[in-house]
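Participant: Use these hints to put chain B onto chain A, whose structure you have.
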Amino acid sequence: MTAALELHNVTKEFPGEPPVRALDDVSLRIDHGELVAVVGPSGSGKSTLLNVMGTLDRPTHGIVSVDGIDTAARTDDEVAGIRARKIGFVFQQFFLLPGMSAIENVSNGLLYQGVPPRERAARSIEALERVGLGHRLQHPPNHLSGGERQRVAVARALVHSPSFVLADEPTGNLDSKSTEAVMKLIHDLHSEGTTIVVITHDTAIAESLPRQVAVHDGALASDSARRDRAVVAT
Amino acid sequence: MMTSSTESTASKLRLGDVFRVGASGPRARKMRTALSALGVSIGIAALVGVLGLSESSKSALLDEISSLGTNLLTVEAGGGFGAGDSALPDTALATISRIPTVTNASAVWEVDADVYRNEFIPQGETGSLSVVAADVELVETLNGELAVGQFLDESTSAYPNAVVGSVAAERLGIRNLDQATYILIGDDYVEVIGILEEFPLAADLDRAVLIGKDAAIDFYDAGENPAVVYTRVVDGAIDSTRDVLPTTADPKNPEEVTVSRPSDALEAQAAADDALTTLFLGLGAVALLVGGIGVANVMVIAVIERRGEIGLRRSLGATRAHIRRQFLTEAVILSVLGGIGGVIVGVSATYVYATSQGWRVIIPQEAAVGGFLGAIAIGAIAGLYPAMRAAKLAPTEALRS
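Chains as they are written, first to last, in this note's numbering: chain A, 1 to 234; chain B, 1001 to 1401.
Hints are computed from structural coordinates only; laboratory data are not their basis.
Predicted model, so just to flag it, every value in this text is computed and none were measured.
Where is the CB? At the ideal position from N, CA and C, for every residue including glycine.
Worth double-checking, as some hints may not be accurate.
A few chain A residues that don't get close to chain B, going by computed Cβ distances all over 10 Å [unchecked claim]: (1) Gly109; (2) Arg211; (3) Ala221.
Per the computed footprint, the stretches of chain B lying under chain A, defined by three or more beta-carbons under 8 Å from a beta-carbon of chain A, are [claimed, not checked]: (4) 1011 to 1019; (5) 1023 to 1030; (6) 1307 to 1320.
For the chain B half of the interface with chain A, some residues (derived, Cβ under 10 Å), not all of them [to be verified]: (7) Leu1038; (8) Ala1394; (9) Pro1395; (10) Thr1396; (11) Arg1400.
Next comes chain B alone, as it looks inside the complex:
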C-alpha cells in the first residue's frame, strides 16, 4: 500500500531555521568564533581605516589647497645660463602687475645679511635662516596670516623692523611678542613686530626674516632686483598668464625666468598619498585574505570534529543540501561578525585619528558597505569547500565516530 505522496515525505528546512542552525555552531563555540572572526575583522578594519583616513586626509589637503588658492604663480630667476646669480630685472614687479589677468603681485628681495638672536651667538650658527625684503602686500598675496603681531606696513617698512617666518621664529627662540623683542640682523638690532603662520605655498618664507624694502635698501644695501614675484592670477586665465609671464618679467632673457605653481606640489602630494593608499589597501586585502583562510581553516576543522553532528542531522532527516547550507551559513556568519567588527574598528580608528589631526571625518560609503559585502563574499568562498565536504559525508560514515 503506497499511500504517501512525494510532497508529504519531502524533507524541509525553513529559511529562518537555516540561519538558526547555521548560528548554532558559532554560538556553542564562542571563543573559536571570536578568534576566527577576528582574522576577518583585522582585514576589514585595515581596508575601512585606510580608505577613511586617506579620504579624510585628502579632503583636508584639498580644503587647504582651495583655501590657499590654486591661482598663485611664482616668478623667479633661474633656469637658463648662469642661473645662479641672476635676478629678475628691477622692473619685473611693475610689469607683472600690469598684466590684466594678474590681480595681485608682491615681490621679495634678497638681503645679504645674517640673522642672530643676539651678538653672543657664534657667527657660523645662522640657523639656515635668510633675510629677505618684502613688500607690504606679500601676506595678502599669499593668503597668509600672522600668528602674532602685525605685518610690515608703509611706515614700519622704512625702519629696522622685522617679521619672522614660523620656522625662523622657532629657531630664534621667539614664541611671543609680549615684550619688545630684538634680533640681530647684520650689525644692527631690529625689533620683531610680527610672527607669521606657515606659508604652505611658499615654504621658503617660513625660514626667512622679513624686513621692509626701504629699510633693506637704506640699511643693508639691498638691490632693486626682486628674487621672487608672487603673482595672483584670475582663475580662468592661469595657463595664458603663465605663458606671458617670462617675457613680461624679463623681456631680454625670458628663458631665464622660471614660473611655477606651488599648489601643484600640494596636488602632487595628494596624488602621492593616493599611491600610498593603494599600497596600504593591498596590505589590507592580504590581511583579509589571511582572515578568509582562517575561516576556511576553522570550518574544515569543524567539519572533521562535528562528523557526529552531521550524521545525527542526516538521521533526523537533513538532506545533503541542508548540511551544505548549514556550514556555508556558519562560515558567512563568522566572517560577517568579523566584518561588522572590522567596520566598527576601522570607522572608529578613522574618527579618532582624523579628529586628532583636526581633519573632517570622512568615511567613504563604499568602504563601509564594501567591507561588509566583502566579508560576506569571503565567508561564502571560505565556507564553500568545507560545506561541500560536510555534505558529501555519508550518514553511516558520519555516525561511526
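Isolated chain A (complex conformation):
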C-alpha cells in the first residue's frame, strides 16, 4: 500500500561557512490512518523536517514522496498542486485571515484546487460541523476564542480531504482547556481515519499519541513504531 508520506535518506543543508546540516539522512514512512508525533527540542531540526514533509522546502538530497508522488521530479507549481490536494496544514499561529468569516477561511483550503465557490461553501460548512463549529459559521476570527480559531484552522486543513494533516505545535498558543479540546479533536479525527502528524516540543502531548518520532540534531533519535517492530522481531 502507498504511504501517505515517505522520506528516503533526506538531508537538508543550508548554505554558509561551514554549511549547516539541519537534517541528516532522515528516513521515515507514515502510513494512511496513522497519528504520529514528531517531537524534539527547539533547534533539533524539527521545523526543517516539517517544511520538508510539507513540501514547503526541498531537501538537498533524498526523496520525499507524498501519496506515492515523488516531489523531486515535479516543478514548483506542481508541488504547489500537491499541497493543494494532498496536504493540510495547521499552524501554531492559526493564520486565519482577518475580515473573513469561518466559512470563507475554511473554503480557502479548496481555493487553489479550482473548486467552484458554491461547492467550497458547502464542503466548508461540513468541515466546520465536523470540528464542532456548526454554530460559528459566519463569525470572523476576532469573534472566536483561541480554541475555536484553531478548530477553524483544523477544518481548513481537512476540507480538501488531504492524504495527511501536518499540525505544527497546534496547541502552542492555547490555554490548557483549549489544548485539551483540540487534542481530543485530533484523536477523534484520527479515529475517523484521518492521517495526522503533530510536530511538538511538548513530550506530554507526544506521549498521548500512538506513535512518537524523536528528532535530535537533525537525525531521528528514536521511532516508537520501529521499536515496536523491533520488539516483535525478537
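Facilitator: Showing chain B alone in chain A's frame:
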C-alpha cells in the same frame, strides 16, 4: 507507485477567484483602502474636472463667438504717422457701405464732452466714460441687444437722448429706466432712453454713452469724421474685404487705417484657455502620479505585513503566479476604486460649476474613459513591484513570522 498525472496535481485558481482573492485584502482593511484610493481619485478628479470644465467653457466661448459672428471687421484710424489725432475721412462710412461684400456698416464719432450723473459730481470724476455719437444701425451691426429701453432711432437721435453702455450704466448708477432718468453731458441734461447689454466684440462701447449723430453735431459740435466704422462682411469674403478696406476708407492715407477682427481676440482667449488647461492637466497628472505612488506604498506595506498570509496561501497550494496575481489585482482594485470616485467627483464638479456659469455641460468621453483606464494602468504599474516581491517570498520564510 507513481499514479497521479501532472494534470491532476496542478494547482489552479479560477478567474473569478483571482478577483475575489484580490478583493479580500481591500475588503478587510476598509479605511486603508479608502485612503489609498483617495489619492488616485484626487488625480483622476483633477484630470476629468479640468478637461470637462475647459471643454464646457470653451464651448460656451465658441457659442458666443458664433452667435456674435466672426464676420465683423472694425475700421479705425491709427497706425501710421501721427496716429493720435487722425480720424477717418467723413466719406468713410459711405464708401465702405458701397463695397459689395459688406452687408452692414455703422460708425461712431467722438464727441468732446464729459458725462456726469448730475451737476454735483466734481469735474474730475468722469468715471473714464466717453461720449460718442452713433448711427441708428449700430446695435444691429454689432448683434447687440438692449437690456432696458430702446436704441436711438431717426427721431430720437436728432435730440438730446442717450443710450448708455453696460459699464457706463453701472458707473452712472443707472439700473433701470422706470422713471425718467437724466444725465449731464457737457452742460446739458440728456434723457437716458436705453441701457445696452455687453458688447463682447466692441468692449469700448460698454464704457460709452451714445447719443445720436445729428444731436452730436447740433449740440456738441462734433465733427463728421467717424472714429470707428463697424463692418459686417459676407462670410466667405472676409479676407478679401479686409484687404480693400483701408483704401476704401481713406484712399489718400490707406496706411493710417487699421482694420481688425474683434472675434480674433475671443479666439485668442480660447487658445489661451487651452494653454491654461494644459498646465492644469499637468498638475492633475502630477496628482495622479502621487496617488499611484501612494498605492505602491500601501502595497509594499501590505506585502510586508501580510507575510503570514502569503505563507499560508503558499501552504494551501498557491503558486508564485497566484500570489503575484492576487497583489496585482489588489492594487488595480484600489486604483480603480479611486478612478471611479475620481470620475464621479470630476464629473459632478464640472456639472456644478458649468451649470452655475450657465454653460452647456460637456464631459469629454476621452476624459471619463481615459481617467478610468488611466487608473487601471496606474494600479497595475504601482502593484507590479510589490506583487513581484510577494511572489518571490519563499513559503518557509513567509511562515516564519
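Participant: Look at each hint and say if it fits the structure.
Facilitator: The hints, checked one at a time:
{"no.": "1", "hint": "Gly109", "verdict": "violated, 6 Å"}
{"no.": "2", "hint": "Arg211", "verdict": "holds, 23 Å"}
{"no.": "3", "hint": "Ala221", "verdict": "holds, 23 Å"}
{"no.": "4", "hint": "1011 to 1019", "verdict": "holds (count 6)"}
{"no.": "5", "hint": "1023 to 1030", "verdict": "holds (count 4)"}
{"no.": "6", "hint": "1307 to 1320", "verdict": "holds (count 12)"}
{"no.": "7", "hint": "Leu1038", "verdict": "violated, 20 Å"}
{"no.": "8", "hint": "Ala1394", "verdict": "holds, 8 Å"}
{"no.": "9", "hint": "Pro1395", "verdict": "holds, 4 Å"}
{"no.": "10", "hint": "Thr1396", "verdict": "holds, 5 Å"}
{"no.": "11", "hint": "Arg1400", "verdict": "holds, 8 Å"}
Checked against the numbered hints above, the structure breaks hints 1, 7 and satisfies the rest.
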